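Undergrad: Now for the letters of each chain:
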Amino acid sequence: MIETFDLIILSVIVLASILVAVRGLLGPTASDRIVALDSLTTITTAALVILGLYFDRYIYIDVALIYAVLGFIGVLTLGRYMEGGL
Amino acid sequence: MILSYIGYFFVSVGVLFLFLGALGIVRMPDVYTRLQAGTKATTLGALGTIIGVGLIQPEWFWKTLIIAIFIAISNPISSHALARGSYKSGIKPFLKDEDGIDTYANVKEEEVDR
Numbered sequence: 001m002i003e004t005f006d007l008i009i010l011s012v013i014v015l016a017s018i019l020v021a022v023r024g025l026l027g028p029t030a031s032d033r034i035v036a037l038d039s040l041t042t043i044t045t046a047a048l049v050i051l052g053l054y055f056d057r058y059i060y061i062d063v064a065l066i067y068a069v070l071g072f073i074g075v076l077t078l079g080r081y082m083e084g085g086l
Numbered sequence: 001m002i003l004s005y006i007g008y009f010f011v012s013v014g015v016l017f018l019f020l021g022a023l024g025i026v027r028m029p030d031v032y033t034r035l036q037a038g039t040k041a042t043t044l045g046a047l048g049t050i051i052g053v054g055l056i057q058p059e060w061f062w063k064t065l066i067i068a069i070f071i072a073i074s075n076p077i078s079s080h081a082l083a084r085g086s087y088k089s090g091i092k093p094f095l096k097d098e099d100g101i102d103t104y105a106n107v108k109e110e111e112v113d114r
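Residue numbers (the numbering used here), protein chains in the order written: chain A, 1 to 86; chain B, 1 to 114.
Since the hints were made in silico from the structure, they are not lab data.
The structure displayed is predicted, hence computed values, not measured ones.
Take these hints with a grain of salt, some might be off.
To be verified - Below, computed lysine to aspartate or glutamate pairings styled on EDC-like, alpha-carbon distance capped at 16 angstroms: (1) B:K88 to A:E83; (2) B:K63 to A:D62; (3) B:K92 to A:E83; (4) B:K92 to B:D30.
Looking at chain A on its own, in the form it has when it is part of the complex (with noise of 0.2 angstroms):
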């Protein structure tokens, strides 16, 4: 019961990720793409944490938290240069 519960759970986030890469893929803008990368960081931190759980292995929990901050870094700067600051 237990295994088919994460099966779906597994399914819903990959449904999730591949309509952001839809987006990703014909946003019309570059603001669009990067809005796309933004909510992709935080489905790949989380389905990271969840596949931990799925394949019992704890340095998945340290994966997630340094993709958390490298992706958090890589949007504020890709923010910076659309604003023309950096």
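With chain A fixed as given, assemble chain B onto it according to the hints.
TA: Only chain B this time, still in chain A's reference frame:
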């Protein structure tokens, strides 16, 4: 055991909000509305998912709490920077009729600190 069921409930609600945020990113008409849907709903979804995993595995709770606090702090900052940057790069907000008000256009350029 009851803590595990509460954790699975949190994970379910979080994953539902992640999916709704992704749906909002696809269907919204504008950069700013997409930013709101994709940042608020995704923040709540990630918080629910990560806290839920920390409740399912209680010895992982403190590190998942650190990730949740970091996401709750950093996600509004990045969305604010993205909205400000996309406004400064010349993208107009989506206005349905002529009565829509663009409030940020009335701010003088000297008052905006860089």
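Undergrad: Hint by hint, note whether the structure agrees.
TA: Going through the hints against the structure:
no., hint, verdict
1, B:K88 to A:E83, "holds (5 angstroms)"
2, B:K63 to A:D62, "holds (8 angstroms)"
3, B:K92 to A:E83, "holds (14 angstroms)"
4, B:K92 to B:D30, "holds (9 angstroms)"
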